[in-house]
Structures are given as C-alpha cells and as structure tokens.
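These are the residues of each chain, in order.
Protein chains: 2
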Amino acid sequence: MTKKVLKFGGTSVGSIERILHAANIVKKEHSQGNEIIVVVSAMAGKTNELISQSNSISNKFDKRELDVLLSSGEQITSALMAGALNELGVKSKSWMGWQIPILTTGEHTNSRIKNIHIEKINTYLSNGGVAIVPGFQGISESGDTTTIGRGGSDASAVAIAKIFNTDSCEIYTDVDGVYSTDPNKIPVAKKIDKISYKEMLELSSLGAKVMQPSAVQTAMMHDIPLQVRSTFTDRKGTQIFSQENIDYTKVVTGVAYSKDDAKITLLGVQDKPGVAADIFEPLDKNQINVDMVIQNISSDGKTTDLTFTIKRNDFKKTLATLSSNKKIKFKNLNHNDKVSKISVVGAGMVSTPGITFKMFRALADENINILAISTSEIKISVIISDNDTLKAVKKLHTIFDLD
Amino acid sequence: MTKKVLKFGGTSVGSIERILHAANIVKKEHSQGNEIIVVVSAMAGKTNELISQSNSISNKFDKRELDVLLSSGEQITSALMAGALNELGVKSKSWMGWQIPILTTGEHTNSRIKNIHIEKINTYLSNGGVAIVPGFQGISESGDTTTIGRGGSDASAVAIAKIFNTDSCEIYTDVDGVYSTDPNKIPVAKKIDKISYKEMLELSSLGAKVMQPSAVQTAMMHDIPLQVRSTFTDRKGTQIFSQENIDYTKVVTGVAYSKDDAKITLLGVQDKPGVAADIFEPLDKNQINVDMVIQNISSDGKTTDLTFTIKRNDFKKTLATLSSNKKIKFKNLNHNDKVSKISVVGAGMVSTPGITFKMFRALADENINILAISTSEIKISVIISDNDTLKAVKKLHTIFDLD
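Chains A and B are the protein sequences, given in the same order.
Quick note: the first sequence uses this note's numbering, first residue 1, plus one each step.
Quick note: the second sequence uses this note's numbering, first residue 1, plus one each step.
Hint data in this document are derived by calculation from the structure and do not stem from the laboratory.
A portion of the hints provided could be inaccurate.
Put simply, identical chains are the same to the list, so a pair is met inside one copy or across any two.
Here are the simulated DSS-like pairs of lysine-lysine, each with C-alpha atoms no more than 30 Å apart in a straight line [claimed, not checked]:
#: 1; residue 1: Lys60; residue 2: Lys91
#: 2; residue 1: Lys60; residue 2: Lys28
#: 3; residue 1: Lys63; residue 2: Lys46
#: 4; residue 1: Lys46; residue 2: Lys259
#: 5; residue 1: Lys46; residue 2: Lys91
#: 6; residue 1: Lys250; residue 2: Lys236
#: 7; residue 1: Lys63; residue 2: Lys28
#: 8; residue 1: Lys60; residue 2: Lys46
#: 9; residue 1: Lys27; residue 2: Lys63
Next comes chain A alone, as it looks inside the complex (with noise of 0.2 Å):
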C-alpha cells in the first residue's frame, strides 16, 4: 500500500472542467490501490480578487481576517473537489484547518506549520476514502484561522507528506517539470528528470515559478522526495531528491536568469563595521528587496566600494532612500538600471574544476562584459547589460551541453 500526497496548483483548478480533470487524475491513483490525501489550492486568480476587495477596504487590512478571508479560497476548491470525486464514484471528504486540525505557529499572513492531528484522516484513508485538504490554512494554538503566507500551499504539501509519512509528494502544476532554462524564450532547454533539493532551490530563488522555494527547503530538511508533473499531460515529470541519490552525468544542471534588475555601486564607502547595515537597514524598512550584495576587500585598508541589485522597479526609490539618508556616507554612486543575471546551477561543479573560468571565456568571446561576479558552492551569478540576456542564456546552455 503506498501512500501519496497529490497537491494541485492553482491552475489545475482553476476552472470546473480542470477540477473534473484534476478529480479523473485522483481516481485514477486511488484505483491503482493508493491512499491518497489530495492538497489543493484556491482556484487560479481566486486569492488575488480577495485580496483586492480586502484592499479595497484598507491597505492595511486586519491580518487575522485576512487569514478568514483568504482561506475562503481553497476551502471552495476542496468542496468542489470533493464533490467531483463523489461524482466519480469515489469516496471523498473535504476536511478543513479547524477540523483536523492542522496546528501552526499563529503569525496571521505568515504561520508556520507546527503539527497535524492524523488520526482522523489516517482512519478514513484506511477505509478506503480519499482525503481532501486546502493548502495554505491552519489555526492557531489559540483556535484562530491561520494562513501560512503567498504560494504556501506547497509547503503545506510538504509537511502533510512529512507527518502523514507518506511514500511521495506530487506537485501537479501547469508546466511539465523543472527545465534547465526557460524554455518559452530558449527552445533549446531540456526538461529536467532528476535534480537535487538544492538546485532546485537556487533555480527557483533565480526565478523558475515551479515550487515555492521554501516548501522544497522543508522537503530537503527531511529528505521528502518530491515530483513535479504537469496536470494536463501525462509525461514523467522532475523528480527531486537529495544528491546523493543523482547519478550526474552534467556538471551544470540548468541555467537561470532574471531580467527588470538594477545594479547601484557605491564607491569609497567607509571600510568599517557597521556601515553595510547602515546602508540596508533603511532599504528593508522601506520594503525594497536587496538580492546581490558584493563587497570587495578593501584596497586601501579604509574605504571600499559595495554593488548591490535590486528589482528594476524599486530603483528610483533605492536612490531617493540611499540620498534622503544621512548615514549613509559614500564618494560617489554608480548605477545600471538596465541589467540582468544570469546564473548557472549545478550540484556537479562542487567536484569540477574551471566551470567559474568556463563561464567567463564563454561570455568574453560574445563580448559580453561581466559587470559584476557572485559565487556559492553550486551556483555562479554574474550581471550583465539586459540587452546581452539571451544571447548569455543560450551561449552558456550550449557549452556546458545543456541543448
């Protein structure tokens, strides 16, 4: 008997007909004798309508009713799903947050998840019925509805499939799996089978929309092995799992880009300590998400220069907040409103030699300038002007035999 998470994104069911379909998916499963717990989300565009009508009445609309007004949404879809599978013949039972109850640490907009009680549902699977649970809720120790923050319905995937214990966690979705770039812009990209917990979580920080990247942490952490499947095909999908069960035949297992960033270099900041908060302290108090940050060892023993990206769209007020602050103290700034990055991933170049040097002659003979350079253990990151994006992308796909 094996048991088994199926988790359905919000354009799975994001139509009646596509919640039949995810329904036929499901019963089929349960046919071939599994016990299955069905995760959904709320229907495509659903959790954004509520959102709007809630800031319709307040920008800073009461956290915990916005966790009763957002659970509304995969409590819908589980009705409906249910429903579906009880027309299909299956037995089938929504149970919501409060019912099973599933326990979270109580922050409104942003819960963890802290236990689940599975005698219930591990009852009813036992007896043949099929369990339908709505991601992204839970209550509070205190009995209050609580959500777990945007996209969370695969971290709830993940900690049911850890508590339950079950054999896999699939994440049904509208692509077909993780590619080794994205494959809308770079034809050439190839579906992915296998890949490590932490690929896939430098790719999906990087900007592939496949998993939330930290439901894929909470499956490395416990070494839950996911399968990320298309609900609309029946093709294999991309399994991950921890690296040690990857036999790799490819140093570089994808290449990942983001365009709309901007690059701001401040030169001749003070070489002291403390300055590097002065400077991001106001930056995150204002809400602007800082990505790379690069700081060289300083040349002169007493000042240095720091680069920094931002998304595109806080650029302006990146400067307005870096100007209007007297602390920050700097000779000059430097900025690039127009640049991408470009990253390659793979849990290989830990054991190979010159893929950091591989990288760079390739884009030297494109003539493509490295504005800036940021390494970790299984990832290179440069900048580069935006206009050089794909020609980078494809490039490097091709010499690390990505095509």
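For this one, chain A is given, so just place chain B on it according to the hints.
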C-alpha cells in the same frame, strides 16, 4: 447598556462600498454605547454563483460538501465586515460557526440552530468589541459544517438574538420596511410602522420577500421584537412584535397578491376518507407545491368537488401527474392557468365582523368574478382571473383605508 443584533442581508453587503456603508451604520450604533453582534449574509449573488459551480459538477452534489462550499460566502462577508470596522477604528472580530461554536441539528443543507456558546462573544462584547457572525452556518455535534437552508441568515439572526438575550434584532435590507401592498405596482402602498408576527407571517408566505417566514416564526415563538429597515435610508422601518403590543386603528393591515398561479378543480371526486391523500401524495412526490386547497361539504353525500392552486409553471406537470395516476378518480377536470390570489391580512379582522362581505362586495362592484375563497383567522384569500389582479388590489387597498 442595550444589546443588539444587526443583521445585514445580501444586497446590503453586495459590494465593498456597501460593506463600508453597513460598517458605518454599525459604528454609529456602537458609538451610542450599544453592545453589537453583527450577522451577515453572503454578498448578493455569491450563493447562487457557488450553487451554479456545484451544479456544473453534479446535479446531486454531495450535501456535506455543498455546506462546506456555501458557508464560504458568509465567511468572506464576515472577514470583510470585521476588516472594514477595524479600518473605521471600531474594535471588531469575526467568529465562524465552528469557532463560537453554533451547534445545529446536523442535517446537511437544512439544519436548525440548536445551541450557541455565548461565553467568548459575551466577554468580547463587554470589552467593547463588535462581534461579526456569519449567518446561515453552524456545525453539527460531530464537527461537520452545516447550513440552515436558503435565506437562513434571518433565522441565524433571530436565533442569536434569542440565545444572547438581546434587546432587539434589526434586519437591515434593501427595502425600508413592510408595505401594505407591493409599492412597485401600487403607488399608494404605505409602509406599515407596526405589524404582528402573525400578520407578517401571512404576508411573507404570500410573497412579500422582506423576511424569511421561518425566522418570523421563531421570533414569534420566543417573543423577540424585530425591526426591518433599509440599509440605504435613515427611515424608521417596520417593527414586528406580538399582537398584544399593537394598538390597531385599522382592521386590515395589508393586501398581498401572488400572480403566476393556476387553479385546478376536480369535479365529482368520491367523498370518502383517503381520497385527498391519494390526490396530493403523487403531487408531493413530483415536487409540486400545492398552495390553497378548497373542498366543500358534499351535497349528495357521495361525491364532492376539490379545488387547489399551484404555481403556473407546475401546471403541465400537475395535469400529467393527475392523469397518469390510476388511484386518482374524478368525473371531470376544470382548470385555469391564468389566475392570481389576492389576500387581505389583518389581526383586527378577528374582532371585526363583515370584512368578508365588504371584500366580496368591493370585488363585485368592479365586476371581478371570485373563482375560489379561503379564509383563516387573520386572512381572507380569493382566487380571481389574472387580468383583474391590479384592479382588485387597488380597490381593496382603498376600501380598507390603506391608501
């Protein structure tokens, strides 16, 4: 300290603007030192939208899941209302049926409220908070979500007023009270300031869609004073309470009518026990709602004539049922599918002789033929030809001093 239930119907919370408007009414009542429990319906159109979604999945959608689905409508309004009040500076919190809890008799889609735990909300009220409670929903003893039937938010409001022992129960709606007849068709119709439960019951069963009859009945049983008033004007509305508290200056309180009726008379039906049951049982099985039933004493001791009315769109189905059922025997069938029912209602009628005669004379003066008559303690209803409806209502409205 006055404790009040304020109930807002679907059109009163039909948009974000209207929710904010309703929240301002609540704020005003709260600022006058009242303890307030707000009961809300789903936003206008929401319940129908959800029902239509469930129907697209199955025409016999699982009732347990339908309750989970439909209860989301009131959940959404509750959260938006609580958020709106907080935005207006009024401490407010929503409480779902499961959080209070509101315990019901447990039937899916058709429960009644059995008990409500009042402690948590009472503590909150006495600490100056406004409690928002969704109408229409509760939970069964076994912890399932249950709803209390369409339009059940009125019943929720009355049950809450009863169990919390509030001083009043105000029903905010899109009309400014109960009228002596339909103000859209008869411009001389007058708003009734005070009306008894019984009269209100007769009028609402007769098609005045101001309040759900079952909610009025509960209020009558427990002597809970109601007030029906408009969310959109400051006018006083209609007070509904027990007959003893009303000083009647008029014998007739209102004239109601229902169009789209049809009349069927079975001539020469056998006059023996069980015949009526034989006739109405198959109609009931085919979900045909029979309204008036009139049967005279048999003149020959052997056969009698039986007249009944139904909705016009059930007419063909009724004829088919009558002719296909072999147990139903009669000599002749006489029918008219273009009739309407006119009723005069008034608690003062009990003690005032001659009302029936006055009514019949008035109709005769207008050359209107009466096809059937039925009377109760506080109501006289006649069936007439559809064409004469408005002429009859106007005439009766005038002769009973309602203009």
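Structure-based check of each hint:
Taking the shortest alpha-carbon separations for Lys60 and Lys91, only the inter-copy value of 15 Å comes in at or below 30 Å, while the best intra-copy value is 42 Å. Taking identical chains as interchangeable, the C-alpha atoms of Lys60 and Lys28 lie at most 30 Å apart only when they sit on different chains, with a minimum of 22 Å there against 45 Å within one chain. Taking the shortest Cα distances, Lys63 and Lys46 sit within 30 Å of each other both inside one copy (18 Å) and across copies (23 Å). Taking the closest pair of Cα atoms, Lys46 and Lys259 come within 30 Å of each other only inside a single copy of the chain (27 Å); across copies the shortest separation is 40 Å, beyond that limit.
Taking CA atoms no more than 30 Å apart as the test, Lys46 paired with Lys91 passes in both settings, with 27 Å inside one copy and 28 Å between copies. Within a single copy, Lys250 and Lys236 get their C-alpha atoms as close as 20 Å, which meets the 30 Å cut-off; across copies the closest is 79 Å, which misses it. For the homomeric pair Lys63 and Lys28, the shortest alpha-carbon distance between copies (24 Å) is at most 30 Å, but the shortest distance inside one copy (40 Å) is not. Taking CA atoms no more than 30 Å apart as the test, Lys60 paired with Lys46 passes in both settings, with 20 Å inside one copy and 25 Å between copies.
Taking identical chains as interchangeable, the C-alpha atoms of Lys27 and Lys63 lie at most 30 Å apart only when they sit on different chains, with a minimum of 20 Å there against 37 Å within one chain.
Hint check: no violations occur; every hint is consistent with the structure.
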